[in-house]
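Asks: Single-letter residue listing:
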Amino acid sequence: MEDVLFWLVVAVALAFDFVNGFHDAANSIATVVATRVLKPFQAVVWAATFNFIAFAVFGTKVAATIATGVVDPDVLTIGVVFAGLIGAIAWNVLTAWLGLPSSSSHALVGGMVGAAVAKAGWDSVIKEGLRKIGVFIVYSPLIGLALAFSLFVIVSWIVHRARQPRRVNRTFRVLQLGSAAAFSLGHGANDAQKTMGVILALLIATGRATEHAEVPLWVVLSAHASIALGTLLGGWRIVRTMGTRLTHLQPMGGVCAESSAASVLFFVSAKGIPVSTTHTITGAIVGVGSARRLSAVRWGVARRVVWAWVLTIPGAAAVAALTYWIISLVS
Amino acid sequence: MDRRALFFFGAALLCLALVPLTPDTYRYVGVVMLIWLTVLGLLSHLDYRSRLR
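Line order of the protein sequences matches chains V and W. Residues in the first sequence are numbered consecutively from 1, following this note's numbering. Residues in the second sequence are numbered consecutively from 1, following this note's numbering.
There could be a bad hint or two in this list.
Using C-beta positions, here's what the derived DEER-type ranges look like [to be verified]: (1) V:Trp218 to W:Met1: 54 to 60 Å; (2) W:Leu42 to V:Arg208: 50 to 56 Å; (3) V:Arg36 to W:Asp47: 44 to 50 Å.
By construction, these hints were calculated from the structure, which means they are not laboratory data. Note that this is a predicted model, so its numbers are computed, not measured. Note that the Cβ used here is the ideal one computed from N, Cα and C, for glycine as well.
Chain W with its partners taken away, still in its complex shape (with noise of 0.2 Å):
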């Protein structure tokens, strides 16, 4: 898998674990953080895919 995408799990994960953390005033922060950088890391995916295509 794309190392690159792997980073942006990884990064959505860790935002996955702070949501519960988060104030409730800006828990709405972190649960945008989770879904953006999962696309992110999906359409980097997708890229790495098609480049080896």
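Isolated chain V (complex conformation) (with noise of 0.2 Å):
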């Protein structure tokens, strides 16, 4: 029985990693199709292939935080990690619903820690790891911001001279292959690592695998998988982009938001902080906006990101409660 309900679990991780892709690819290609670079589909193949090799690059530091930096790893069952993913998966649904802002990243930490603390009370969750997670929810936007806002007035001081407009374009164009990719490669870094970290709790839950264990490489495989698979089929079916959303970007402002937010996804997933992939290139882009003029900006979007770092941990939380006390009770 226990078998059945580890394989179920693991199904459920992955579907969420799949949705994650599917959710998600628009981030990293919305601007290669608005400006024509790539075909969608051409796009969401590229996004794809970086979401999967990701896992050749980055470690495994982020599936760690998520496995034993947020909740004591002795608190964990396959009723924890069950109620935890059904409490994020839930809190995303409802929000969707709801038509309220919400951060998959963010609900998944929430959901991990409300189902621990239904089972064992605060003392079972890791106030430093939180604490961590928590500010970076907060950062990981305002560097983005901070960084494409530089990095496109620098630009922008070096080729207003340009005395071939269209050659620069062009030069653009090609670049924004590199940023797409790179900001695809942190995408598939930062948020597959989120499911591999559940499958790792799962794994020390039913004493698969130790605290202290390396993440299996059939994890590693199939969560990247996952994610690859999501942006494969979801990408092309987006067509209200991030892009086009938030700000009108031009290949330049393109390549500067992407290679920002996947520089800030580089850094967070080396130091193994998972931090919301959307909200980071939301801020980039924003900084990207920004640096045109303010009301360049649709900040009805932004504002919503803000929404979501108050409501996301708190409202997934109570959602893996709930759903660990009728697990309890069921069982």
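Both chains come to you apart, so use the hints to assemble them.
Replies: Now the structure itself:
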């Protein structure tokens, strides 16, 4: 019975990862499609490839943070991990239905915390780990914003006297391939590792791995394959893209926003900090938009990010706690 | 005052509030962001003033 439950929760975790790729594909391909550098299908294949190969570039520190850095590994059980995951998924569905802002990454952390607290009280939460994640929820979009703004101003200053603006435009269209690839790499690294973290927590909970164990290769490959598959199947369907929703981006702005957001994701992934990749690219796009003029930014979308900061972790934690209590009553 | 400068100063204030909450290992991130956003705010304000002249 435990084996069945184990594989069921693994399947749910991979489905969560798939939906993440499906939903977030637009973040990395919006600008290359909008500027017609690549056709939509070519763009999603490009993004999915880099989502997948991220496993070879980055380690698994983010996965370790999710598995052992948020809640005490001693309280982990299949029930806790399952409730955490269901809490995150239910919160995402609920907020999508109500039209409220959310973040899958924050929801996952909130879910794990809520389920652990429901089982063993507040002492089961690793405060230092939660504090690290909490502050970087705010820092990551702000770093993306400041970096993208600065980069855009510097690049504009360099190219504004170019005698052949068409040639400059063409150069940035090509550079967009690199920046989109870099962002997809960062997205794959940070978001796929969150699912790896959930599966690692499950392995620890069932005694299949120790607290300090490395993430098994099958977990790494399946998590990256799920997110890449989600990107591949989801990207082309998403018409309303991040690039046009927040501010209208030109190739140069797209390169600055994507490369800035990618730099943030590389940094946090190397340090083992899970962040919202959507919020990071949103911050970077706002940075580029505000370098042109503040009114170029559609502040309604940016405001939703701030609301997601406030709502997601406590909301997902509450749903996960409720789920855990229901599971406990049933079993 | 320039709205963009106010925006950067607001973001810098947010970082100032976060610095004491940040774990010691990553406190430098908050400090760097505080300085960076303040400088961007100042430059934005100077840019705004130069455009008014």
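Asks: Now tell me if each hint is right for this structure.
Replies: Outcome of the hint check:
For the pair tryptophan 218 of chain V and methionine 1 of chain W, the supplied restraint of 54 to 60 Å holds, since their beta-carbon distance comes to about 57 Å. Look at leucine 42 of chain W against arginine 208 of chain V: about 55 Å separates their beta carbons, and that is inside 50 to 56 Å. Range check, arginine 36 of chain V to aspartate 47 of chain W: Cβ separation about 33 Å, and the 44 to 50 Å hint is violated.
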